[in-house]
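Let the sequences and hints guide you as you build the complete structure.
If you count the sequence shown from 1, you need to add 199 to reach the numbering used here.
Hints are computed from structural coordinates only; laboratory data are not their basis. Certain hints may be false.
What the hints assert, rightly or not - 20 Å max Cα-Cα, derived DMTMM-like pairs, lysine to aspartate or glutamate: (1) Lys363 x Glu320; (2) Lys363 x Glu305; (3) Lys413 x Glu387; (4) Lys413 x Glu446; (5) Lys398 x Asp380; (6) Lys283 x Glu344; (7) Lys371 x Glu387; (8) Lys322 x Glu373; (9) Lys398 x Asp454; (10) Lys467 x Glu449; (11) Lys398 x Glu430; (12) Lys467 x Glu430; (13) Lys363 x Glu263; (14) Lys322 x Glu261; (15) Lys398 x Glu446; (16) Lys322 x Glu344; (17) Lys363 x Glu387; (18) Lys363 x Glu415; (19) Lys467 x Glu418; (20) Lys467 x Glu446; (21) Lys363 x Asp258; (22) Lys371 x Glu430; (23) Lys398 x Glu387; (24) Lys371 x Glu418; (25) Lys371 x Glu305; (26) Lys298 x Glu351; (27) Lys413 x Glu430; (28) Lys283 x Glu305; (29) Lys398 x Glu344; (30) Lys467 x Asp451.
Note that the structure is a prediction, hence the values are computed from the model and not measured.
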Amino acid sequence: MTSIASVSPAELQNRRQRLKRRRKIKVLQGLWRSLLVSSIAGGLFWAISQPYWIVQNPDQIEIEGNQLLSAQSIRTLLALSYPKPLWQLQPDRLSQRIKASAPIAEARVTRQLLPPGLTVEVKERHPVAIVLPSTRSKNNSIAPETPAFVDEQGFLMPQSSYTKLAPSQLPKLEVMGLSADIAPYWSEIYQTTRQTALKIFTIDFQNPSNLILKTELGEAHFGHYTPRFPEQLETLAQMRTLPNQIESSEIDYIDLTNPDSPSIQLRKVAARPSQ
Numbered sequence: 200m201t202s203i204a205s206v207s208p209a210e211l212q213n214r215r216q217r218l219k220r221r222r223k224i225k226v227l228q229g230l231w232r233s234l235l236v237s238s239i240a241g242g243l244f245w246a247i248s249q250p251y252w253i254v255q256n257p258d259q260i261e262i263e264g265n266q267l268l269s270a271q272s273i274r275t276l277l278a279l280s281y282p283k284p285l286w287q288l289q290p291d292r293l294s295q296r297i298k299a300s301a302p303i304a305e306a307r308v309t310r311q312l313l314p315p316g317l318t319v320e321v322k323e324r325h326p327v328a329i330v331l332p333s334t335r336s337k338n339n340s341i342a343p344e345t346p347a348f349v350d351e352q353g354f355l356m357p358q359s360s361y362t363k364l365a366p367s368q369l370p371k372l373e374v375m376g377l378s379a380d381i382a383p384y385w386s387e388i389y390q391t392t393r394q395t396a397l398k399i400f401t402i403d404f405q406n407p408s409n410l411i412l413k414t415e416l417g418e419a420h421f422g423h424y425t426p427r428f429p430e431q432l433e434t435l436a437q438m439r440t441l442p443n444q445i446e447s448s449e450i451d452y453i454d455l456t457n458p459d460s461p462s463i464q465l466r467k468v469a470a471r472p473s474q
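Put into structure tokens, the structure is as follows:
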């Protein structure tokens, strides 16, 4: 092994100079990297800030994934003023702005440079029922003043949003008296009614103490909404042969308050005047 004492002063000096050169090279390399990154970033910023990289009008915004909503209505949800430099647009904020609108469940906005513009991918909310204005007390009601749509999760949506919805695509189910109290249960109520073999035309929540369904068998009263609702509905489905036994015109309503003992309320027949 070579001892430290055997190294000459000249060789030590050479080693020090080599180490200094290496340090200078590393410093220079670091500076060049920083300059290169800064130049690229500055060049990109300069490039996208040029007039060529400006969204001049809504036609430069491409909409994907829409089936029920028009592209124009989704562009309106962005609430952009034109012209708008591309670098000033914040995709995440625009996505949140669109998702804050009831007809849109999910949204993703991306910028594109060639050609300059935006791409908006959306997942729409599908209406499952028409919400009608309540004809009774409006206390705690969330029903709109004019007919609107509601999706499976309970989000209310104006009918004017669905400009591409054909008449054949309109929901057949009607809802009345939708309130803030019943809204948390709407999804499970809808799923239960969807799974029954009976045709259900209207779900009426207007009387908080009596959930009413208008069905192919006539009007059915369920009382307060409780976890027994699926059982009540199943009992009603088992009564599908009822029209073979009683004329529907004679039935006022079917009482399912107690599903273990359903009953039928007949219409009162007016007494004929004596001759």
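I'd like to know which numbered hints this structure contradicts. Please list them from smallest to largest. 5, 6, 8, 12, 16, 17, 18, 22, 25, 28 and 29
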